Amino acid sequence: MTAIACDHLSKTYKVPVRDPGLWNAAKSLFYRRTRDVEAVKDVCFEVAPGEVVGFLGPNGAGKTTTLKMLSGLLQPTDGHVEVLGLRPFRRQRDFLRHITLVMGNRNQLVWDIPVADSFERNRAIYRLERPAFTDTVDMLVELLDLSTLLSKPVRNLSLGERMKCEVAAALLHRPQILFLDEPTLGLDVTMQRRIRTFVAEYNRQSGATVLLTSHYMADVEALCERVVVIHHGQLLFDGQLAELVRRFSPHKTIVVELDTEDADLSSYGEVVSAEGSRFTMTVPKEQTASTTGRLLADLPVIDLTVEEPPIEDVIEQVFAQQLGGPGSSPDSNGD
Amino acid sequence: MKGLFGDIYRTLFKIELAVMFQYRAAVVIWLIGLVLQPVIYLVVWLTVAKAQDDGKVGDFDASSLAAYFLIMMVVNHVTFSWHMWEMGYRVRSGTFNALLVQPLHPFHRDIIQNMAYKLLTLAIVIPATALLWWFFEPTLSPEPWMWVAFGPAVVLAFLVRFFFEWSLALLAFWITDTSGLNNLYMALFFFLAGRIAPISLLPTWGQAIADVLPFKVMLAFPVELVMGRLSPDQMLTGFATQFLWIGLGWLTVHLVWSRASARYSAVGA
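So the sequences go chain by chain: A and B. Our numbering puts the first residue of the first sequence at 4, with every later residue one more than the last. Our numbering puts the first residue of the second sequence at 24, with every later residue one more than the last.
Wrong hints could be hidden among the right ones.
[Said to hold, decoys possible] In silico negatives: residues of chain A with every beta carbon more than 12 Å from chain B:
# : residue
1 : Pro52
2 : Ser209
3 : Leu226
4 : Leu268
[Claimed, not checked] Listed next, the in silico DSS-like pairs over lysine-lysine satisfying Cα-Cα at most 30 Å (straight line):
# : chain 1 : residue 1 : chain 2 : residue 2
5 : A       : Lys44     : A       : Lys17
6 : B       : Lys37     : A       : Lys155
7 : A       : Lys30     : A       : Lys17
8 : B       : Lys141    : A       : Lys155
9 : B       : Lys37     : B       : Lys141
Honestly, the hints are just simulated from the structure, not real lab data. This one's a predicted model, so the numbers in the text were calculated from it and none came from an experiment. Yeah, the Cβ is synthetic: ideal placement off N, Cα and C, and Gly gets one too.
Please build the complete structure, drawing on both the sequences and the hints.
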């Protein structure tokens, strides 16, 4: 049983093409040109119930288009998609009552009225029984610390407060599938952490399946064991986050603290930063052990740690390899 | 169905009212325009009537012209909708996304919003009508059965107009800017629904066109009914025509909706 299944999923947009200038604008009245833009190409992946999967890619990679197809907003041009065994695009009530899509921060809430009224509106739309609704609101208020926000009009909330309320409103019907598109975008670090912790807790408590896109790798690292990476509409990688790091990062980071500030470490690896007696360098992965040994033998080392590179760097590396040409394309079958 | 028309309609109706209370000034300005327009038509037609030897335009004298335009003002208020002006924005901006991922057809949401607005604003429209009634001294002498039939005729006129204009609104999924089309529709509506002038004042060919299009039963039919200008047969024909257009409107919304939403490109957030 899979919660989400995409089989050779594709989406092509027809985009009008017009050269600049008045003459071309006049010409376009009589002759319209369009071109096909393949936003998503032949994407296949499955997500098991209860899994939290990070859906990664640079801007324009096709992440949001895929989420829109999975949530029933867009009809695929080709391929097959099923969510909870249903075809999303049919938008059957049974489907819509079991999913939620958080995209931006103005989806669920009514701008001019207090948050509690928006919650009440969703209660009616999702046909929730009053006791269950009250229990869910109580839970969400506690987990997201919303008690002081419920009586405020939405337009008077800060971005972070609005996002918390948006997330809460999206979960009032206790969906089994969460599509979260950049849920922490624009939030400060504290608020990002709060949302992150909440999503993890919701997943643990309800067993819901989560597909998450985020440009903040902290979100992905905190929530997702598995990631699906997409670029130019095509699947690049599907597998464990640790496997992504192992496969795409040819370097490790060594942080060494010496007894002296006066040292030249350039012969050991590429020095990324030097702050006083603390040096950070990257070395080829296969040379990590030998370089560490040399550092310990040659220098007055106080402390030394070997780290995986930041996930942001790894993702950058994935996309850089893709752009490097056909010869450098990694295998996309992660598992 | 019980849940749909009970809890959903009741709750969303209250929410929409609460939203509208936030926009008191805008609502009042809208209403001034809504009241002013028929009053201007009325004043123009009264001037025309006074210039005639018998003080009549067609078979309308000054007091029946006053009755026609004041009742038309109320019926137009109850039956008008604005969603065809809004749909284009929803589609272009992607604000439709939020409506499409919830298990309630946007049609219901729009009809509830419309009803809430009408209920709220009738509190102003009714006293305004009473004031104008006192000022223009209209006369009308309908039979009791005409008063009884007036209510259902207005409700059905609202449904005809709502289905028709919602279908038209769906063209926003094909045409980037529908305002030109909407203006064309409104131009036809103004003449063929009896908004600018009673339909009996149109040339014969204009009346023939009005008979086969839905505009007349959206506005002129209930007005003429309560003014006592229709025979029982004409009333029954009017109701039958309203049901016919409601059926066609429902079918159109149903058929066009699935095709329209398939074209939706869900731009924006």
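Verification of the hints:
1. Pro52: 20 Å, holds
2. Ser209: 19 Å, holds
3. Leu226: 21 Å, holds
4. Leu268: 47 Å, holds
5. Lys44/A <-> Lys17/A: Holds, because 15 Å separates the two Cα atoms, which is no more than 30 Å.
6. Lys37/B <-> Lys155/A: The hint holds at about 18 Å.
7. Lys30/A <-> Lys17/A: 19 Å, holds
8. Lys141/B <-> Lys155/A: Distance ~27 Å between Lys141/B and Lys155/A Cα, so the pair holds.
9. Lys37/B <-> Lys141/B: Holds, at roughly 13 Å.
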